[in-house]
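**Q** For this one, chain E is given, so just place chains Z and S with the ligands on it according to the hints.
Protein chains in written order, with the working numbering: chain E, 1 to 453; chain Z, 1 to 103; chain S, 1 to 636.
Everything labelled a hint here was simulated from the structure, so no lab data went into it. All values reported here derive from a predicted model rather than from experimental measurement. Check before you lean on any hint, since a few could be wrong.
[Unchecked claim] Ranges between beta-carbon positions, derived for each pair:
| # | chain 1 | residue 1 | chain 2 | residue 2 | range |
| --- | --- | --- | --- | --- | --- |
| 1 | Z | 59 | E | 253 | 32 to 42 Å |
| 2 | S | 305 | E | 317 | 49 to 59 Å |
| 3 | Z | 13 | E | 87 | 34 to 44 Å |
[Stated by the list, open to error] Derived DSS-like pairs (lysine-lysine); straight-line CA-CA distance at most 27 Å:
| # | chain 1 | residue 1 | chain 2 | residue 2 |
| --- | --- | --- | --- | --- |
| 4 | E | 317 | S | 416 |
| 5 | S | 419 | E | 317 |
| 6 | E | 114 | Z | 44 |
| 7 | S | 55 | Z | 77 |
| 8 | S | 55 | E | 114 |
| 9 | Z | 12 | E | 100 |
| 10 | S | 419 | S | 361 |
| 11 | Z | 16 | E | 114 |
| 12 | S | 390 | S | 361 |
| 13 | E | 31 | S | 55 |
| 14 | S | 77 | S | 8 |
| 15 | Z | 16 | E | 100 |
For every residue, glycine included, the Cβ atom is placed at its ideal position computed from N, Cα and C.
Here's the letter readout for the chains.
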Amino acid sequence: MSETPRFDALVIGAGIAGLQAAVDLADQGFKVAIVERDPSIGGAMIALSKVFPTLDCASCITTPKMAAVARHPNITTFTYTEVLSVGRAGDRFVASVLSKPRYVDEEACIGCRKCEYACPVEVVDEFDGRLGARRAAYIPFTTAIPQTALIDADNCTLCGACVRACPTDAVVLDQRPREWQLEATAVVAATGWKLTPVGAKPQYGGGEITNVLEPTQMERLLAPHGPYGRVIRPSDGKIPESVAYVQCAGSRDQTLGVSYCSRVCCMYAIKQAMLLSGSLPIADITIYYMDIRAFGKGYEEFYRSAQAMGIEFVKGKVARLTENDDQSVTVRVERLDQFGQVEERRHDLVVLSLGMLPGEDVRQRFDLEVAEDGFVMTPQPKDAPCRTTVDGIFVAGTASGPKDIVDTIVEAGAAATEASLYISKMIAAAETATAASSADVTSPAADRVEVKV
Amino acid sequence: MSPAADSRQELKELLKRLRAERPTIVEAATTRSNAQRATRRVIKIELAKGPATVPALASACSLPSADALWHIAAMRKYGELVENGQDGDYCLYRLTPNDEGSD
Amino acid sequence: MAEDAAPKIGVYVCHCGGNISDIADPETVARFASGLPGVAVARTNMFMCSDPGQKLIADDIQAGLVDRVVVAACSPKLHELTFRSVLQRNGLNPYLYEHANIREQVSWATSDHAEATAKSESIVAAAVAKAGRLQPLDPIVVETTPCAAVLGAGVAGLRAARDLAQAGIEVALVEKTAALGGNVAKLDRLFPNQESAGELIGRLVDEVLHDERITLYTLASIDRAEGYVGNFTLHLRQKAGGVVVDRAARLNGRTIGAYRPFEGFMIGDHGAAEEGQNGDDERAVVIEAGALVVATGFEHYTPTKGEYGYERLPQVVTLPDFIELMAGVEPGSRLEHDGRPIKSVGFIHCVGSRQVEGVNKPQADGEINEYCSRVCCTATLAAICDLQEKCPGVAVYDFYQDIRAYGRGHEEYYEKASKGGAVFVRFAGAEPPAVAKAPAGDPCLVTVRCKDGLTWGEEVEAGVDLLVLAVGMTPSDVSTLVDSLKLPVGTDRFLLEVHPKLRPVELAVNGVLVAGASQGPKDVTEATATASAAAAKAMTLLSSGRIELDPFVATVDSQRCEGHGLCVEECAYPGALVLTEENGATRAIVNAALCTGCGACVAVCPTNAIDVAGWTLGQYEAMVDALLAEPQEVTP
Ligand SMILES: Cc1cc2nc3c(=O)[nH]c(=O)nc-3n(C[C@H](O)[C@H](O)[C@H](O)COP(=O)(O)OP(=O)(O)OC[C@H]3O[C@@H](n4cnc5c(N)ncnc54)[C@H](O)[C@@H]3O)c2cc1C
Ligand SMILES: Cc1cc2nc3c(=O)[nH]c(=O)nc-3n(C[C@H](O)[C@H](O)[C@H](O)COP(=O)(O)OP(=O)(O)OC[C@H]3O[C@@H](n4cnc5c(N)ncnc54)[C@H](O)[C@@H]3O)c2cc1C
Ligand code: SF4
Chain E
1 MSETPRFDAL VIGAGIAGLQ AAVDLADQGF KVAIVERDPS IGGAMIALSK
51 VFPTLDCASC ITTPKMAAVA RHPNITTFTY TEVLSVGRAG DRFVASVLSK
101 PRYVDEEACI GCRKCEYACP VEVVDEFDGR LGARRAAYIP FTTAIPQTAL
151 IDADNCTLCG ACVRACPTDA VVLDQRPREW QLEATAVVAA TGWKLTPVGA
201 KPQYGGGEIT NVLEPTQMER LLAPHGPYGR VIRPSDGKIP ESVAYVQCAG
251 SRDQTLGVSY CSRVCCMYAI KQAMLLSGSL PIADITIYYM DIRAFGKGYE
301 EFYRSAQAMG IEFVKGKVAR LTENDDQSVT VRVERLDQFG QVEERRHDLV
351 VLSLGMLPGE DVRQRFDLEV AEDGFVMTPQ PKDAPCRTTV DGIFVAGTAS
401 GPKDIVDTIV EAGAAATEAS LYISKMIAAA ETATAASSAD VTSPAADRVE
451 VKV
Chain Z
1 MSPAADSRQE LKELLKRLRA ERPTIVEAAT TRSNAQRATR RVIKIELAKG
51 PATVPALASA CSLPSADALW HIAAMRKYGE LVENGQDGDY CLYRLTPNDE
101 GSD
Chain S
1 MAEDAAPKIG VYVCHCGGNI SDIADPETVA RFASGLPGVA VARTNMFMCS
51 DPGQKLIADD IQAGLVDRVV VAACSPKLHE LTFRSVLQRN GLNPYLYEHA
101 NIREQVSWAT SDHAEATAKS ESIVAAAVAK AGRLQPLDPI VVETTPCAAV
151 LGAGVAGLRA ARDLAQAGIE VALVEKTAAL GGNVAKLDRL FPNQESAGEL
201 IGRLVDEVLH DERITLYTLA SIDRAEGYVG NFTLHLRQKA GGVVVDRAAR
251 LNGRTIGAYR PFEGFMIGDH GAAEEGQNGD DERAVVIEAG ALVVATGFEH
301 YTPTKGEYGY ERLPQVVTLP DFIELMAGVE PGSRLEHDGR PIKSVGFIHC
351 VGSRQVEGVN KPQADGEINE YCSRVCCTAT LAAICDLQEK CPGVAVYDFY
401 QDIRAYGRGH EEYYEKASKG GAVFVRFAGA EPPAVAKAPA GDPCLVTVRC
451 KDGLTWGEEV EAGVDLLVLA VGMTPSDVST LVDSLKLPVG TDRFLLEVHP
501 KLRPVELAVN GVLVAGASQG PKDVTEATAT ASAAAAKAMT LLSSGRIELD
551 PFVATVDSQR CEGHGLCVEE CAYPGALVLT EENGATRAIV NAALCTGCGA
601 CVAVCPTNAI DVAGWTLGQY EAMVDALLAE PQEVTP
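So here's chain E without its partners, still in its complex pose (with noise of 0.2 Å):
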């Protein structure tokens, strides 16, 4: 035998979808291991700042779920770990994993922050949308889970001041990163999503307009830890008197490869601008839209709240972005709703709306195939909707195409059921051989009655 470790079930990503597929398989006794890419679990939602439909704020729904797994007994949480390669062997696969080193003992560390304080370098932030600044020995976020400092080896000067300041000589200037192995039954694949480049688009300014927003950087903006404490813009620090939301920037256009609607950008559109509505109460708020797409359970009312807030809705497509001297931008509209007459309006600040792109290349990695739109192919979409092209990898969330919370949420309960019965199988059909190579005995399965439909 060999010292790899073995799990009923392996999760790939700790997103909403990982940990929910997590919990559900652990709560049903089954041996979990889930692997997270970045040092914290949580996934994209750890960062928004509320969400709709119940504008219940992301972490007060995230953290809990981030502290269920980690305290189960029946999971194992692996962080700043990579999973790399999934391959069958035999009755199990066998999943090939980098851990990047942390630079940190994660036993050791209690999580202090004394080498975040210490650290003399400061860098720009991804988890703030690269609005904010962070340190180069740093907790990534203030519920990151395990709380355990990691630094950031790109930016270190290798001063030493972290190694001084840890209480615990927990620093590890040293460590290496280890590839490594482990085994399972079953496995979840949460890999999730990524947002389409905000530079695709060279007539909404390529990228490089800096009162452009991604959405995600809204987020931060609007979320209780933002970057900078309120919604200003990142041009100069200005309140802005209006903000304008260009729908389906990033979707529903072949010239960018992605023709299919990403289907939470109309909801999460509408919930900044609710969210905008209230810390910025004189702004005007407009979205630029083709078809508003509201139609999960209790959407369309989110809607028209929306609209009866003042947000205005203008239908057009917006053929231009163009940066002004003080830094607004002017949108260049046709109007649908007019005859595709064309006009300009001037905001402060302009979210794109972008889509969602997978977040991992699963065929290169672990053999799956995918549809045509790049996510996770399900053979089987209407009665078994989490099945991938190999038996045994089930999928769930963003990975096999953009979803919302609520939606992700449930097929990762569905995956957990799907990945569950499957070991169940295998058990069974273990236990099965062993026996009938031990004993003469007759099938339990003889008295089973077929039954032709």
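**A** Chains Z and S with the ligands alone, transformed into the frame defined by chain E:
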């Protein structure tokens, strides 16, 4: 908990060895960090004169205003500065009273 | 009432990342709390529910600093359980916990900072007063019936039954009609992969009929349900002709059946009647189940007479009617309806959905259907594509508000329909299209007139030979179940989950799960996903054979009880309170599993012999006193 002399020596050697391992990365990081700290010093001097808005600070320090804002965000996060009212459409920032010299 | 030892209460005030601290000041509240009698420590944290927040409490318990806990944060609905388990994990009885809601009840309801802080202080003071009087309680443990009942045999019910059975759970699958497959059986090819509805249903039914752990009842409806998680009893009425497929029926091979397009999968050689209950009359069936999965689906919205000409003009049909019509059309053949050739077809979206107050007639309950039915846009576009493919010459007009082709592979139908020449006209919900009989001599039969939102509100008029109404979804009638188990229903009349993100497939009644379109409009993919998710919850509930329930139930002090019986009359839950003879005296006895802890009995007891554990009168009094106490310190 002051580290013993030999462990201080050990650390020094470790840092030296690591620097030798990836010289270009460390050098580039150090250059960036130095530049950033120089800018930060200028900003602090300017702010010590009194509360300022981002555009005012940017022009006083000859910085692009977006960069000035980033420094403000960084200082705010680590408790070195707080908001101090508004001037028109812009927030005013001032140094945290008893924190000017820290860090 | 003297306490054994002085309590050591820990108070933890949450900022909720600004949700609370933007309005009320947690630091001031904590300072105030630390001065209250019995409070050993008072602390604050950015997110008490996060790991670092929970650790604060754990450390204090471990250090012996506190033996009772008050967290002042969001609604107890969200995180009371989270914090109780912190106590439990650290060796304290989980019921030595009191939750103070200062978010929903204060910071989200009050905008004045000083008032909000003062109000938070009062609420915390009350919680602390109660915490001092808390007693350790033990959860009520009940054995569970290792069986689940699934109501409705549409795709969601079939999928849930199959998942549960494969997990080793006995399942009773109850279907109201004679056929399996639900509304999907009334379709032809399904978006987005054009799979045939019959094949899909056949596959699911095949698995269900093969699994001997599933007992299927058709033509069966629920009269009444009772019980609680782990032990529900369903009283069914099965109509004559209803089939029971159980182990015996499988042994006799009585499970042969066939799929009939636009009807569903029928058990029996020639339909249900032959294989039924030997022509008996209705019969009663009683089912015991540990968990219920409600998968009763939806019904198509029926337009009112005259709505868009429905039932007035024979050329006005619903989308399901049109789908059935098209299923019989051979490619390249001439499209006919009502004996007339059809050269143009109009479609109107959002019929019965996205209704507008004052424009659309309210439904029977006086409410309008504000919700979007989610599937009708894509279903309409798919029908248009089918029409364009089979009958290329037919003109198509599509009247819509927004095209909500959101799902994987949906947008393609929109593109295809547009490329195929469909003319799209956009109307506003407040100004729906007007439908009229075409004037005599007009080549078309029906005219649709509407202000086109795509052309500056220009009035457009289209003459069509057939008008298809994309009717939305309304929930199936499950009132007998809803009434007897007191299940929550939303303003949209669909079953209402506890929380769309935290517990999306659970209803507020423990042990009752929801799957498919009974919860709200869903396509098949989404319906089967909720079914499997509900199965996961049921599997967890039933796997250990026992369930722990909260101990907040009535308790009778038999010394004080004089057997008046007023409480029994007052109790609304059959069996929860009964009178028994005890050593010659009449006494009230509580069945803890049936009692909901509502406290109605407490109010009527003339001798104050009843209290609800965890919510005693003494505790209430202490809370009220604390609330009414003069503020000790006026906050700035
Ligand atoms: C701007 C914006 C606002 C939104 N607002 C809302 C809202 O208000 N309400 C709502 O319902 N939805 C909202 N959404 C949608 C929501 O973000 C998604 O539904 C949700 O994040 C999907 O979760 P997930 O677990 O599928 O993916 P993710 O959160 O992306 O999680 C996937 C995880 O897998 C990890 N991973 C990937 N590959 C590997 C690998 N090889 N090894 C290890 N780990 C790996 C990733 O690091 C990541 O943590 C919003 C989306 C956007 C873009
Ligand atoms: C016009 C139209 C076209 C559609 N086309 C598509 C498509 O192409 N692709 C797609 O994915 N989706 C499509 N849908 C959606 C699809 O019909 C639903 O997703 C699906 O039917 C939901 O399944 P369900 O099991 O939840 O409910 P249902 O199909 O409604 O099944 C519910 C079952 O429960 C039974 N029942 C009801 N009440 C009781 C009771 N009290 N006791 C016992 N049993 C009860 C019913 O008889 C029925 O058998 C379409 C919907 C419409 C309206
Ligand atoms: S899915 Fe389309 S047709 Fe149906 S209610 Fe929603 S917007 Fe209207």
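**Q** Hinted pair, alpha-carbon criterion (27 Å max): residue 55/S, residue 77/Z. Please report holds or violated.
**A** holds (24 Å)
**Q** Would the pair residue 390/S and residue 361/S pass a check requiring their Cα atoms to be no farther apart than 27 Å?
**A** The hint is violated at about 36 Å.
**Q** Are the Cα positions of residue 317/E and residue 416/S separated by 27 Å at most?
**A** Roughly 20 Å between the alpha carbons, so the hint for residue 317/E and residue 416/S holds.
**Q** Straight-line Cα separation of residue 16/Z and residue 114/E no greater than 27 Å?
**A** holds (23 Å)
**Q** Given the hinted pair residue 419/S and residue 361/S, is their Cα-Cα distance within 27 Å?
**A** violated (36 Å)
**Q** Can the restraint linking residue 31/E and residue 55/S be considered satisfied, given a maximum Cα separation of 27 Å?
**A** holds (25 Å)
**Q** Evaluate the given range 32 to 42 Å for the C-beta pair formed by residue 59/Z and residue 253/E.
**A** holds (40 Å)
**Q** Does residue 44/Z sit within 27 Å of residue 114/E, going by the straight-line distance between their CA atoms?
**A** Since the Cα atoms of residue 114/E and residue 44/Z sit roughly 23 Å apart, the hinted pair holds (cutoff 27 Å).
**Q** Taken at face value, is the distance from the CA of residue 100/E to the CA of residue 16/Z at most 27 Å?
**A** Holds: residue 16/Z and residue 100/E sit about 22 Å apart, inside 27 Å.
**Q** Note whether the CB distance of residue 13/Z and residue 87/E lies within 34 to 44 Å or breaks it.
**A** Holds - the Cβ-Cβ distance for residue 13/Z and residue 87/E, about 42 Å, lies within 34 to 44 Å.
**Q** Starting from residue 77/S, check that the Cα of residue 8/S is at most 27 Å away, please.
**A** At roughly 25 Å apart (the allowed maximum being 27 Å), residue 8/S and residue 77/S satisfy the hint.
**Q** For the range 49 to 59 Å, tell me whether the beta carbons of residue 305/S and residue 317/E fit it or not.
**A** violated (40 Å)
Comparing the model with each numbered hint stated earlier shows that hints 2, 10, 12 do not hold.
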